[in-house]
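Undergrad: If you read the protein sequences in the order shown, they are chains A and B.
The first sequence begins at 1 in the numbering used here and counts up by one.
The second sequence begins at 1 in the numbering used here and counts up by one.
Check each hint, because a few of them may be wrong.
Quick list of the computed label-pair ranges, beta carbon to beta carbon [claimed, not checked]:
#, chain 1, residue 1, chain 2, residue 2, range
1, B, 57, A, 51, 25 to 31 Å
2, B, 104, A, 8, 15 to 21 Å
3, A, 42, B, 125, 29 to 35 Å
4, A, 40, B, 16, 39 to 45 Å
5, A, 31, B, 119, 38 to 44 Å
6, A, 52, B, 95, 29 to 35 Å
7, A, 133, B, 143, 39 to 45 Å
8, B, 101, A, 39, 42 to 48 Å
Hints listed in this document are in silico derivations from the structure and should not be mistaken for laboratory results.
From a predicted model like this one, the values you see are computed outputs, not experimental measurements.
The beta carbon of each residue, even a glycine, is placed where N, CA and C say it ideally should be.
Okay, here's what each chain looks like letter by letter:
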Amino acid sequence: MKNSKPWRSPVVLMRISSILFFLTMLGHAAAYPWTSTTEDPRETKLVESMIDTPYVFFSNTPYAFFGERTTYWSLYFGWGLLVPVLLLALAVILWILSGLAHLGPRSMGTICAVLSAASLVAASISVRFFFTPPFLTYSTICILLMTAAVQLLRQQTMFADGKTEKL
Amino acid sequence: MNTRVLLRAAAVATLLTTIGHLTGSPHLLGSLWDPTNAQQGSDVVRAMQAYRFETMGFETSVFSFYSGFGWQLGAYLLGHAIFIWLLADISSALSAVKLRVIIGVFFLEFLAATLLALLTWKSFWIPAAANGVAAAFLAAAWIAGRPHTAESGSGLMNREE
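Modelling step: build the complete structure from the supplied sequences, incorporating the hints.
TA: Here it is as structure tokens:
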């Protein structure tokens, strides 16, 4: 099935989404270590208290592992580091899969729909907990991937004659 | 064990990681993100909520970032679990080289998550173990997907019709 508007093809939409995931990852990483840039003594005190306060799980006693304890700061900081890892992996995998989109429309359409739904959740989280820029990027990704998913799920597979060529 | 089964195992491990992560959410079951059972923890959570600052023209708090990161990770972990499950579905239709590239990226991601969890969360070892299990299944799937052992796929067409 040939697309009359190539810029609207699922491959292009998936690649734009991949680039947006990558840009979101860069934006998130640029905010390292995810505190304000002001030299506010109240914030310094807050960060110190997060560093000093052990994180307690499953019991009232902080658990030590090789003499180390998890703190609120390490949890917060670790999550901050983990988010760009997930975003980078999604960007790379989406880019790779975009090249296979036209060969397995139904499967790729389902994957696009799942990622679109995850981006919708991320957009709503951005409104509730963060600010506008991530909301805009996640919303755009959501729309692009949903459009790609609809297009892919409507398409018939290329190998309608039953060829068994590998993707 | 074939690639498909190993990918499904990785997907299940990721789903269990997601459930474990979200179980700690203050808005769902629990108290792990916001332990009201520990006085010192409650104090720091209140301080995180109380201190507000402006960033990119919006007022926010450290606790908003903290909760937002937690929810965001939950959403993407769940997305990953479904994504890997779907990848298992189409694994026999993909060429061994392309499949191994995709599994390799997922493996590196979970390996990085395991190392980050170990290095930053230290005594809180459960996320490192959970991510490590998923990484191990992905590594096994990568090995099982070597060209000479790859399943002979029947193509997506047969599966999708």
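Undergrad: Hint by hint, say whether it matches the structure.
TA: These are the hints, each one checked on the structure:
1. B:57 <-> A:51: 25 to 31 Å: Given range 25 to 31 Å: holds, Cβ gap about 28 Å.
2. B:104 <-> A:8: 15 to 21 Å: violated (31 Å)
3. A:42 <-> B:125: 29 to 35 Å: holds (33 Å)
4. A:40 <-> B:16: 39 to 45 Å: holds (40 Å)
5. A:31 <-> B:119: 38 to 44 Å: violated (20 Å)
6. A:52 <-> B:95: 29 to 35 Å: Violated, at about 53 Å.
7. A:133 <-> B:143: 39 to 45 Å: With Cβ atoms ~41 Å apart, the hint holds.
8. B:101 <-> A:39: 42 to 48 Å: holds (46 Å)
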